[in-house]
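K.L.:
Spelled out from the first residue to the last, the chains are:
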Amino acid sequence: MSAQRLEGRGIIDPTSKLCFRFDGQSYTGFSGDTVASALLASGVRIFARSFKYHRPRGVWGSWNDDPNAIVDIRVDEVTFPNCQATTTQLIDGMDVRSINAWPNASFDVKAMLDLGSRFLPAGFYYKMFMWPDWHLFEPMIRKMAGMGTLSDEVVEGYDAVILHESCELLIIGGGAAGLAAARTAAEGGRSVLIVEDHADFGGRILARADLIDGQNPVDWVNDQISAIRAAGGRALSRTTAIGIYDHRAISLIEDRGVGVAPVVRKVRPDSVILASGAIDRPVTFTNNDRPGVMSLEGAADFLARYGVLVGERIAVLSNRPDKQLMAQLFRDAGAHVQEFDATRETAEIKGRRGVKALQIGSEIYPCDTVLASGGLTPAIHLWRHAGGKLDWDEPRQAFLPGKGPDWLQAIGAANGTYDLETAIDEAKSVALGMRVHRRASYTLPPLWPDLSAKGRQWLDFQHDVTVKDIALAKQENMVSVEHLKRYTTLGMAGDQGKISNMPALATMAKLQGKPIPEVGTTTFRPPFVPVPLETYSGAHKGTRMGPLKRLALEPDHRKLDAAMGEYGGWLRPAWYGGSDEKTAVLRECCIARNAAAIMDGSALGTIEVVGPDARDLVNFVYYNTMSNLQPGRIRYGFMLTESGLVFDDGVMACVNDNRFIISCSSSHADSVMAHLENWRQDKFDPSRVFIHDTTQNWSTVTVAGPKARDIVAALNVLDELTNFAHMSLKMGSFNGRPARVARVSFTGDTSYEISVRNDYVKELWAAALEMGKPFGAGPVGAEALTVLRAEKGYILVGKDTDGETMPHDLGFTVPRLKKKAAFAGDRSLHNQNANRTDRKQLVGLQVDPGACMLPVGAHIVDARNGRKVSLGYVTSSHESPTLERPIALALVSSGADLMGQNVSVWHMGESSTAHVTLPCAFDQEGERLDA
Amino acid sequence: MQSFPCPFCGPRDEREFHFAGEADKIRPDTTQTISDAEWADYLFNLKNSRGPTREIWVHTPCQEYFVMERDTATMDVIGAHSLRKDIA
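First to last, the protein sequences are chains A and B.
Numbering-wise, the first sequence is residues 1 to 931 according to the UniProt record's numbering.
Numbering-wise, the second sequence is residues 1 to 88 according to the UniProt record's numbering.
One chain only, chain A, in its complex shape:
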């Protein structure tokens, strides 16, 4: 026989019935149940199968210490894999499936793996499948391994809310000690937050039969909560502190049920009281993994919270001094209970799919359930997250909080104070700011695994690690606990060793003949319980993580049927007039070369450098000499990192001696700003030079092409356009408001960039289109621009340069040899690496007439020595409508020396030939720039 629900017991709502399914069968439970309590009450014993041997697994604990009852849950057409049945609140209509089992947990065909278990010791897979090649076996093993099944459905809107909260005192754990501390502190005037991971406060006292302060436990708990709230404190249930991070940062996760994203609360309190209680420790004996062997504390909890009596004939197997009191709880609930001292003789379970009897020595005691407890293990996980040390306490046979940070104190069972009255006293003292050093005496008779016992004794129930696996690990010299863990996978299950670590440490200690503290523990890392990854990101994804930068002209582009695309964080028109990219780009290139391109250049970074030391700063941050740039003139240049690598390129205009305007790549504006600020504050007097990013304040309409001058003349932004050469700047006006006109070109044609304030760029854009129309000019998007600039051999930093490119690789050699003043990266341009003759240099590539365009990324290879060696690769490749042939740019080792020669290009197994040319394929004399 198995468990049953007792009427009138527990703190569930018996009037609210919920229906759900488990492995295809229908069941019912009540509001307040967990999946595990509802299934137990319905008589289910086998919940899942273990990971390695597919042994049947029942429930061990009643809360997050349970390693066994892992299930997949389907809610609203979406499967949530690997849920802990013991912590998952039951909701109506859930479809629950066991894991590691086919067709179901009760009957699993892979259970035969268990028959071969002697051939599957720890490290089996590592050793067995090394030869000839692990990758041959990997697909099959991967298919057999794994636990829950992932859902094909994506959960829409599953975004955790992330809140930042504050409190002076955070109390983790809402049991008796936590509640007493919270009440005392709140009534003492402190701002208090107490969190409890269960739906109900109270912890282990809910299971107690006796009165507290003359009240039954539930009433006492409610009184404390009311008092805490009345004093201004806050109490949050279903909220787990998953980790204590640096500088007292603590993440609290509020569970809102399967299918609903949790609420995350981040808090950095002044001080923290850890009242996280203790975890029941299993007893290690033969076949101790059989369904029906449960935690003594867990069973008491199932009875107290859910009114579920886990068995009819119960054997209590423990070394605890209070085992009689605990046994009495089940006796009072109507079970037949026998107590056994676990320290006396070795025990063994009889029965394969469940418990039929407990054998102690030669005596056999029939029973349906064995409640085992090897003592309490204080839950010190968060203590360790915070950097607290642990001390081994021999009388308690447990690690207790030792020296820790002064803002953190542990109380109650987490501190080894198991006695209720003492724990409440301790809680009150700590809440009043007193330090508690003395612990009440408590003696737990040592109980550690019997290494000589016959049969298998389980340590990690989910990952099937037995005492023999630890012995094997020791034999193979995996004696450090960290090695032991990785070799046997002990403690790597979903429960992260909450119940398995202590017995395993004890086993290793015994095998080595060392005391337990000398073996030590593995590292405790957050999160304390498994947390869905979405919890960490919250709503921080997509454009909420990196918001798109929007152009002031976006509506105008959309009116022209622009295909909008993201370019370096900006949403820009890729091309205009419909969905056919190829035709549109071709048409726009022709407009640009034959009439004029009218483009939105607003995304280009615009950074002003202002102040008496502005000239010194720009001369330092630019590779090119800027000290002699005259007002009204513009110069192209590179910014380098201190390693001499090309960081950004662009033009800079000198407005006057105290004011310069830097244009940088649109995607680099933020990093160029940071780069400039770094040098400004590091090398210059920050009160004599200022840097201001004005990208978002100005919009730019660029008119570029043979008809550009006529169109700009018609726009009437400057009084006269003669005596306005390429690479110069003039201040003009548009409709009576200031406009800045720069003669710079990224297409190779005569070009004017007209910048105005955002609020009247719409008028300028409309006027440019209108004036341009009679000349055949029209809007041109970003895709055509990348073709036009590639025809001219103008680079895009990051595309046509890589993490090794220096300016002399791009043909800009003069400042490296001639510039006298110091500049960022200068010395790096003269080291051994910079002087190499085989550096990758920028070249153009031309294919034979009629041949296909080269793929970007194709390698230029040297096959002279019989094997292919990459000399470099294609960085940009386009079909040039102007030249009516493909063009390409490439970075090629000693590219300048290969000028005019044929090279072999290799891509995905195909070879072709290309001719090395100058990067500029169109108008090499630059006659069109100032035409």
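Hints may be right or wrong, so weigh each one.
Heads up, simulated BS3-like pairs for lysine-lysine below, C-alpha to C-alpha not over 30 Å straight-line [as the list claims (entries may be wrong)]:
hint, chain 1, residue 1, chain 2, residue 2
1, A, Lys510, A, Lys389
2, A, Lys730, A, Lys549
3, B, Lys47, A, Lys683
4, A, Lys683, B, Lys25
5, A, Lys582, A, Lys773
6, B, Lys25, A, Lys819
7, A, Lys323, A, Lys510
8, A, Lys266, A, Lys454
9, A, Lys127, A, Lys514
10, A, Lys389, A, Lys266
11, A, Lys454, A, Lys389
12, B, Lys25, A, Lys820
13, A, Lys582, A, Lys389
14, A, Lys266, A, Lys541
15, B, Lys47, A, Lys818
16, A, Lys110, A, Lys514
17, A, Lys549, A, Lys799
18, A, Lys389, B, Lys25
Simulated from the structure, these hints should not be mistaken for lab results.
Assemble chain B onto chain A, guided by the hints.
P.N.:
Coordinates of chain B only, in the frame set by chain A:
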């Protein structure tokens, strides 16, 4: 998540800060002759010491670079002060 003190904005989450380098590292005068070794030392060699360190950090929202003294072993922040000469 560490909490760092910006000398201008007060304590803020570490996500708002960016490490800029070890403090007291002087850029060699590149108008003079500098050996490869000296330059490499400036570029690449960091003390990366365990325990108390002096570092330059930038608070990204206010863009101010400042000196922060902290302990790399205990993660304690010892102090932070402005690089500005006119602000003590």
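K.L.:
Under the criterion that the straight-line Cα-Cα distance not exceed 30 Å, is the pair Lys549 (chain A), Lys799 (chain A) satisfied?
P.N.:
Holds, because 21 Å separates the two Cα atoms, which is no more than 30 Å.
K.L.:
Regarding the pair Lys110 (chain A) and Lys514 (chain A), is the alpha-carbon distance no greater than 30 Å?
P.N.:
Given that 30 Å is the threshold and the Cα spacing comes to 39 Å, the pair is violated.
K.L.:
Between Lys25 (chain B) and Lys819 (chain A), is the straight-line Cα distance small enough, at 30 Å or below?
P.N.:
Distance of about 25 Å is within 30 Å: holds.
K.L.:
Between Lys47 (chain B) and Lys683 (chain A), does the CA-CA distance stay at or below 30 Å?
P.N.:
Holds - the C-alpha atoms of Lys683 (chain A) and Lys47 (chain B) are around 22 Å apart, at most 30 Å.
K.L.:
Lys389 (chain A) and Lys25 (chain B): Cα distance at most 30 Å?
P.N.:
This hinted pair is violated, its Cα atoms lying about 37 Å apart.
K.L.:
Need the status of pair Lys266 (chain A), Lys454 (chain A): alpha-carbon distance at most 30 Å?
P.N.:
The given pair, whose Cα atoms are some 50 Å apart, is violated under the 30 Å limit.
K.L.:
Can the restraint linking Lys510 (chain A) and Lys389 (chain A) be considered satisfied, given a maximum Cα separation of 30 Å?
P.N.:
holds, 23 Å
K.L.:
Take the C-alpha atoms of Lys730 (chain A) and Lys549 (chain A), compute the straight-line distance between them, and say whether it is at most 30 Å.
P.N.:
holds, 28 Å
K.L.:
For the pair we were handed, Lys127 (chain A) and Lys514 (chain A), check the Cα-Cα distance against 30 Å.
P.N.:
The given pair, whose Cα atoms are some 29 Å apart, holds under the 30 Å limit.
K.L.:
For the pair supplied as a hint, Lys683 (chain A) and Lys25 (chain B), is the alpha-carbon distance within the 30 Å limit?
P.N.:
At roughly 12 Å apart (the allowed maximum being 30 Å), Lys25 (chain B) and Lys683 (chain A) satisfy the hint.
K.L.:
Verify the proposed pairing of Lys582 (chain A) with Lys773 (chain A), using a straight-line Cα cut of 30 Å.
P.N.:
holds, 22 Å
K.L.:
Holds or violated: Lys47 (chain B) and Lys818 (chain A), Cα atoms, limit 30 Å.
P.N.:
violated, 35 Å
Checked against the numbered hints above, the structure violates hints 8, 11, 13, 15, 16 and 18; every other hint is satisfied.
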